[in-house]
Amino acid sequence: MRAEWLRISAFSSRLWAADTSAQVLGPLLKQVCAKPPRRVNRFIQLALLGAHDCAAAAGSALAPQTGLYLATGQGNVADTARLMCDIQVQGEAPMPFTFINVSSNMAGFYVAQALGLEATNLTASQQDFSFEAALELACVDLAEGGSALLGAVEECVWPLQGHRRRLGLAAQAVLAEGSHWLLLDQADPKPLAYIEALRLYADERQALAALSQQAWQPHTFFAAGVGLSQEDARRCMVALGLTQRFDYLQDGAYHDSLSAYALCRFMQTHERGRLLHLNRGRDGRVYAFSLVVGEPITPG
Amino acid sequence: MMKRSVSIQGRGIVSTRGRGLSAQLSALRAGLAEPSSLSLNDLQEPRALLYYPVTGEGGAQRLSRLLEAAVSDALDEAALAGEDLRDCAIFVGSSSMDVGVSETVFAQALAQGDEALALPLSGYGNIAAQVARRFSITGLQLTFNTACSASANALLYGAKMIRAGRIRHALVLGVEDFNRVSAYGFDSLMLSSTQGLRPFDRARDGLVLGEGVGAVVLGAEVGGAGFSLRGGANRCDTASATNASAEQIAQVMAQALADADIAASDVQAIKAHGTGTPSNDLAEAQGMRVLFSDALPAFTSIKPVIGHTLGACGVLEAICFSACLENGFIPPTGNFSGIDEAMNAAPLTQAIDARGGDYLLNFFGFGGNNSSLVMRYAC
Numbered sequence: 005m006r007a008e009w010l011r012i013s014a015f016s017s018r019l020w021a022a023d024t025s026a027q028v029l030g031p032l033l034k035q036v037c038a039k040p041p042r043r044v045n046r047f048i049q050l051a052l053l054g055a056h057d058c059a060a061a062a063g064s065a066l067a068p069q070t071g072l073y074l075a076t077g078q079g080n081v082a083d084t085a086r087l088m089c090d091i092q093v094q095g096e097a098p099m100p101f102t103f104i105n106v107s108s109n110m111a112g113f114y115v116a117q118a119l120g121l122e123a124t125n126l127t128a129s130q131q132d133f134s135f136e137a138a139l140e141l142a143c144v145d146l147a148e149g150g151s152a153l154l155g156a157v158e159e160c161v162w163p164l165q166g167h168r169r170r171l172g173l174a175a176q177a178v179l180a181e182g183s184h185w186l187l188l189d190q191a192d193p194k195p196l197a198y199i200e201a202l203r204l205y206a207d208e209r210q211a212l213a214a215l216s217q218q219a220w221q222p223h224t225f226f227a228a229g230v231g232l233s234q235e236d237a238r239r240c241m242v243a244l245g246l247t248q249r250f251d252y253l254q255d256g257a258y259h260d261s262l263s264a265y266a267l268c269r270f271m272q273t274h275e276r277g278r279l280l281h282l283n284r285g286r287d288g289r290v291y292a293f294s295l296v297v298g299e300p301i302t303p304g
Numbered sequence: 051m052m053k054r055s056v057s058i059q060g061r062g063i064v065s066t067r068g069r070g071l072s073a074q075l076s077a078l079r080a081g082l083a084e085p086s087s088l089s090l091n092d093l094q095e096p097r098a099l100l101y102y103p104v105t106g107e108g109g110a111q112r113l114s115r116l117l118e119a120a121v122s123d124a125l126d127e128a129a130l131a132g133e134d135l136r137d138c139a140i141f142v143g144s145s146s147m148d149v150g151v152s153e154t155v156f157a158q159a160l161a162q163g164d165e166a167l168a169l170p171l172s173g174y175g176n177i178a179a180q181v182a183r184r185f186s187i188t189g190l191q192l193t194f195n196t197a198c199s200a201s202a203n204a205l206l207y208g209a210k211m212i213r214a215g216r217i218r219h220a221l222v223l224g225v226e227d228f229n230r231v232s233a234y235g236f237d238s239l240m241l242s243s244t245q246g247l248r249p250f251d252r253a254r255d256g257l258v259l260g261e262g263v264g265a266v267v268l269g270a271e272v273g274g275a276g277f278s279l280r281g282g283a284n285r286c287d288t289a290s291a292t293n294a295s296a297e298q299i300a301q302v303m304a305q306a307l308a309d310a311d312i313a314a315s316d317v318q319a320i321k322a323h324g325t326g327t328p329s330n331d332l333a334e335a336q337g338m339r340v341l342f343s344d345a346l347p348a349f350t351s352i353k354p355v356i357g358h359t360l361g362a363c364g365v366l367e368a369i370c371f372s373a374c375l376e377n378g379f380i381p382p383t384g385n386f387s388g389i390d391e392a393m394n395a396a397p398l399t400q401a402i403d404a405r406g407g408d409y410l411l412n413f414f415g416f417g418g419n420n421s422s423l424v425m426r427y428a429c
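Note that the protein sequences, when read in sequence, are chains A and B.
Okay, so the first sequence: first residue is 5 according to our numbering, each after it adds one.
Okay, so the second sequence: first residue is 51 according to our numbering, each after it adds one.
Next up, chain B with everything else stripped away, as it sits in the complex (with noise of 0.2 Å):
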């Protein structure tokens, strides 16, 4: 019997494009958008790091006015109201969650000498509590803290909560606010970049964070044009925390394909997960050669225009190459100038034409947490 399939009937999104699809069309065309550098002052030698930032003002209520404009958007679009929107189930992905709020907070306590609390708000369930507030939404809230695949994971568990009939329509975010941990903790492993994002480059030297929420509702397929999510899989590389391997990455890949229901020729192109970090670049690369062998399908990378968005990237990457289909067009991944033959795969350097079909889409994450999504377009 066929899997009933899962439509994406609206999307909301904040990066640091701006708000709306199609504030972020120009940069995805051109495969690459100029991280800002950010002066960072709180360790006892000054930093500058490059950081792809939403503009806009600060402070501790920065991250409900992202939240408000993303989820805002794709309500709006799903037309979503009601008793549908009151029995709708919420799925967060994050990485950091409001650890941004809670440093803006405990600084504040700090500067007027207050018993300052280091992270005075704990607890993974905030955001979506505050969303199910806020949009007076009383289903399910599920919050998923799997690092950078964080909100793949929600899309892919908001699809089979939806195909299994448990629920009628998932709100699913994507989120990540600029928080000092994230930045300075990935100073610490070296994995920043100086020049800037050069995903499968062979003159790739890390990887250039950056922040935004992206929103997705889900929803019973009703036919037509548009997209759906027809798959996907979640698997964990235990041979190490931090480097993905080859094997594992070809592994989950396949069983996303299998999953759909595709066999790996209906695959039209690659939205690879393509962080520009030396190691997990090639083992993606040589990942997709082992399932994929001579006939490998045009790749890309989203992530130099909006930065890494960590936990959040599942969601606003997906939203970003749905917005490239869409337009007719698969993105090119910016900054490439030439193949590293260790990989002996180049990803596109120059837009083509999108057609309808099937697209994979990767997320990678710390921990081994490796997930595929299989989306497809109907035009």
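Same shape as in the complex, but just chain A (with noise of 0.2 Å):
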């Protein structure tokens, strides 16, 4: 049977709304890992930090059975570009550590080596549900207990204006980076939250159709994708009876796999309550998640 609750014991986040220039990361990972590996691209290093930072907050260390799911919408864009430009435009081989690396698993595969993982370890993508992706993974695995490490990785390419045009947004669309990390441990007695449910429909009607089918809670927060405007957020709220917004878009910062920073957020600012999170993709798929923070829940 697929598991329905996913038990979350710890979690990391990093976002950073991108400036002029690219913040310097070398400091940072030095910061949280004791020995950094060397010619390691930004991606790898946004992954090595986030992960870095969920396994100091776990604790302890991780099993090495513990399984790696690494979300990410675009991977390693910038040296892919940049390896790009230097064949097509500088007429000039790659460098062999930097084609290795823009193999978006060679981050997952130092995160396992930092933190002693042998088990699955798997880079995975959906256009607009990323996050969404990998945790459907991580569901089928964990249906029989165990652990996992998932991570939604994101990064930006210098210049940002040919990145907003890449990714098909507004000139003056404010672009980030992220790293967003949660520890799933099926065995945790005393889990900080679950993820309850994690549904995908074709279109936005089956899902309200399907989710105001369920008696949600007055108190429980709804929070809208980027897929989804603020019409459609007031929408969806009136449909399934809900009153409360969790805005987690405020600062109007994009990176791919959002969704999971939306997550993070909440168990940040919440020390209980309940969220349901809907995102719509641009096929007008709708994929719906919901997360419990410091309530017990007894699986029925």
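In short, the hints are calculated from the structure, not lab data.
Ranges of calculated distance between the beta carbons of each label pair, as one might list FRET restraints:
#1 255(A) x 95(B): 48 to 54 Å
#2 272(A) x 122(B): 46 to 52 Å
#3 340(B) x 26(A): 40 to 46 Å
#4 41(A) x 109(B): 39 to 45 Å
Don't be surprised by glycine CBs; every beta carbon is placed ideally from N, CA and C.
Join the two chains into one complex using the hints; note that each chain is given alone, in its own frame.
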């Protein structure tokens, strides 16, 4: 059977609104990692930063059989673009380490190496729903127990104007980089929170029809992903009888896989409470997941 | 309680050998096909690389046409339509995704003097989304980016999700489209062969890349003759990002057998990863020896026939291997001239008769990403 109740034992979240130049990550990595690997790219550094934060929050070494599920919508976009330029504009062959590191699962490799993880190691994606893709995979593997380290990592490419164009965003859009991580442990007797359910619907009508059958508790917060407008969010809240909004997009900074940030941000700001997160992809599909923080749940 | 098994209900393939299973068979029976010599003129000095291309017209729509052909054939064989098709989940495994298309668009923009943007088509989910749009599929779209084990992992998780009752059908794709980043990249690592693919041979000198698209439809097992995925495993070898270790290869194979609930002695033969690179073939052969000891089953590599299709090789080689089995043979490994004494193991050099039973399929990728699958053939 599929695990419907994922237990969150620890989490970490870093999000930076992108400035005119890239923040140097090396010194930050040295603060959390005794011996940072050499010759790694920014995407790998971002993954290592977040994963070390999460492992530190867990307070003890992770079990070697902990699976690693890395979500990314864009992956190693900076180095891939650079290699393409080197070859097609400069006429230069790729440098060996630069080429090896453009495989996005190298981030998962370095995280596994740093934290001593030997089990499943996947890098997964889904247009508009990359975090949910990794969550789907973890759900399947955790159905019979065990633990998983689940991360969502996105980097920017400077200059930002070209990256906005690449992502199809407006010239004024605020871009961000992020590294958000959860440690899921189905044996944790007192988890910080539960991910209560994860559901995909063909469209908003189906989603609201199914979700409105549930009796949402009055103090449940509603969070709308980047694919829903303010008007869409209001319509969904009315349909579901929800009155409280958790607006994690207030600062407007964007990267793919932002729903992972929503989840972490809610845990950072709420000692108790429930969250329903809904997002819509450009193809109209709708993903929903809910989170329960600080309340006991008895799986039914 | 015995686990539910998952059957392979449809297959479609476009490789260097052409479109469809029958187009692959004669070369598979011989274990060998000659690669092409590819002249590349992007760098300051021209390069000639061996390659297994899919022939036909180029352009930015080329990948779309390959996807169309492979997916249509798989869906037709599975007779997947209506609600079952709409709700089907898509699993894509690829190393380079649509980087080749991006390169073409970038080159056109450079030639036209436009404000050219490198990697204009970013995002790993594009191929799955494109297939979903074309075939009106509204289910899950999971894309795996785990280097050369990517589409093997897509098969593994497609089967897991069906077993878990999460989905009824999975359309699993292995996709590799020629691109300069991969071609020059492997060349820069000095992993490109100059003499052709010679997996497990004492004179092996590297890999020869290839391209292609494979599509497999998975569904809950209905019984009867055919192929099923009995289990599998994925593990991370953190010792080296680029060189597999024998011990870890033995472990992932053992874990796959345990997942399939079979013993090592049940394995009829092994479709090895067999890239032709000196270190990885050695590690794979030694890993097989660790697990099977003196009872090493027959093993072979598909790569001398279709090239190393990187992240697509999981699906493409599973399709090719299944085509061989249902035609009554286990394919040989071409270009083998002599045993490497360090590995003390030789692949099949002649096709042998195939019979029903369990087969082990190995796939290993950069980043220590090792996967093994157990496929059962019921004839």
